[in-house]
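A.B. asks: Construct the complete structure from the given sequences, taking the supplied hints into account.
Take any residue in the sequence shown, note its place counting from 1, add 3, and you have its number in this note's numbering.
Just so you know, these hints were derived from the structure itself, not from any lab.
Heads up, the beta-carbon is just placed ideally off N, CA and C, and yes, glycines get one too.
Any given hint might turn out to be false.
As the list claims (entries may be wrong) - Derived EDC-like pairs: lysine to aspartate or glutamate, alpha-carbon spacing no greater than 16 angstroms straight-line: (1) K365 <-> D229; (2) K365 <-> D284; (3) K533 <-> E469; (4) K522 <-> E538; (5) K444 <-> E471; (6) K533 <-> E498; (7) K447 <-> E469; (8) K318 <-> E334; (9) K522 <-> E498; (10) K444 <-> D78; (11) K522 <-> E471; (12) K533 <-> D284; (13) K533 <-> E471; (14) K365 <-> E333; (15) K444 <-> E400.
Claimed, not checked - Cβ-Cβ distance ranges computed for the label pairs, FRET-style: (16) A177 <-> E417: 23 to 29 angstroms; (17) T548 <-> G512: 17 to 23 angstroms; (18) T548 <-> L37: 49 to 55 angstroms.
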Amino acid sequence: MSRDRALLKRALDRGEQDGGNVEFKERLSRDVHLEGGRRESLAAQLRHRLLSGDGEATYVVGVTDDGGLAGIDPDTFSETMDVLSLLAEEADAHIDDVQTWGINGVSDAAESEADRTSESSGRGLVGIAMIQEGGVLETDDEHVVVGTAGHVDHGKSTLVGSLVTGTPDDGDGATRSFLDVQPHEVERGLSADLSYAVYGFDDDGPIRVRNPNRKADRAAVVEEADRLVSFVDTVGHEPWLRTTIRGLVGQKLDYGLLVVAADDGPTRTTREHLGVLLATDLPTIVAITKTDAVSDERVEEVEREVERLLREVDKSPLRVARHGVDAAVEEVSERVVPIVETSAITMDGLETLDELFDRLPKTSQDTGEFRMYVDRSYSVTGVGAVASGTVMSGEVEAGDELLLGPMPDGRFQEVEVRSIEMHYHRVDKAQAGRIVGIALKGVKETAIERGMVLLPRDADPDPVREFEAEVMVLNHPTRIGEGYEPVVHLETIGEAASFTPENGRLLPGDTGETTVRFKFRPYLVEEGQKFVFREGRSKGVGTVTDVHPIE
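C.D. replies: Given below as structure tokens:
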């Protein structure tokens with residue numbers, strides 16, 4: 004018998020032993036189980052299971068009444084989870100976790116004839132849904148989103164890992180593993196994609212994540228905290244500048260957190276990341292890391308270097324150790340940049356960051372109807388296609404009908420919100436600034452691409468292949484003329500585009516008008532949106548001034 008089948012068998016055996024709080028269902032359908040008195044009857048049955056299990060119930064789906072493996076196809080399984088979610092809501096409960104098994108393998112000789120017969124007649128999925136008392140989380144609390152930046156090995160992920168867990172680092176970047184999600188990242192000690200972390204606050208102070216590698220522990224923070232702080236941890240290694248820009252431009256951030264290691268000081272990458280943060284008008288805090296590794300004199304020297312760097316770009320540095328947290332909270336802005344000395348090993352300075360993040364006001368504004376640019380997409384067994392990103396405006400609820408697009412041909416596809424998760428906690432709705440995964444009905448995951456947008460069904464979006472912009476060239480080895488083809492980063496869009504400057508050319512430091520045309524496909528672009536463009540290390544910033552919708 005395969006390992007997964009053995010795990011499922013043990014789960015079924017435990018279910019039979021637990022008795023009163025376990026329910027076996029082959030399938031649930033909207034047409035049958037939500038009609039007439041069936042809905043009320045099944046909700047009452049669920050309440051009984053919860054009562055028997057002290058607030059917890061287990062539903063085993065894809066099996067016969069006696070626990071035999073039947074198996075149902077993925078679409079039927081998804082509909083079953085939808086119906087079960089509605090029943091749980093009626094019983095003032097929610098689905099806390101779902102595990103699935105595929106039963107397409109050859110039956111083991113040791114299995115009973117009944118199991119072999121049931122499997123062969125209905126191959127597909129079997130799942131176990133854990134249901135807990137209490138409704139799904141409301142997300143109308145204050146939620147601040149912070150984007151990190153800085154050179155590789157300067158300690159971004161380590162600092163955030165120690166901050167959200169309250170755990171000192173061991174000197175080898177152990178707390179970094181709380182954010183790096185890819186095996187090759189953990190092995191090499193280098194982040195290669197965006198990572199996410201969360202912690203929160205209540206009246207008693209910080210609520211930290213006990214074990215960030217456990218989804219349930221992250222979800223518990225979201226459920227318990229009165230105020231949430233989410234981190235979008237970007238990439239410091241130079242070859243992944245594209246990913247870093249995506250993290251800073253494509254999220255609805257409230258603040259930037261730029262790290263500078265005390266043993267290394269500001270580098271070229273530090274300057275590039277600072278340029279992107281400030282060019283997008285993002286209020287920024289600088290954390291000087293690894294202060295335990297150098298002398299006080301070296302910390303002072305690096306702090307002065309950071310101050311000079313900030314003044315070069317017309318920003319006013321504010322040393323929090325000298326002026327206090329009150330001054331930092333009151334004055335932090337596009338103009339004033341607080342500086343905090345920290346060490347993830349000694350935990351020096353982390354209490355200061357706690358106080359800052361607990362008190363800093365939310366800066367991003369929620370204007371207009373729901374909008375979310377897709378940053379990632381993936382498929383979850385039993386759920387289907389999931390689009391992940393940051394809600395840019397408005398709010399979205401389970402059951403909402405939306406538009407997804409534009410597709411490569413410019414059209415928008417109608418989809419429905421199946422469910423919403425925020426840091427592994429299922430929520431009933433999500434508002435602007437929330438980093439969420441939205442399970443979508445009506446589209447396959449392979450059709451979802453980064454840079455697409457989710458909008459209300461009644462929106463009338465115009466896909467754009469070409470637009471006008473005012474740009475500033477921050478650095479470039481030569482002049483920029485007609486036919487210049489950088490990568491344009493706008494929201495989560497990262498696409499090659501051609502420039503046609505109005506005056507024929509642009510030099511480093513110049514500001515001017517240009518026509519920008521995406522090379523391969525249209526996107527949703529609107530006046531006022533800011534973007535970053537780059538070619539290797541060369542980069543500039545721009546603002547959309549006019550758009551040319553495709554015919």
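A.B. asks: Could you work out which of the previously given hints the structure breaks and list their numbers from low to high?
C.D. replies: 5, 7 and 16
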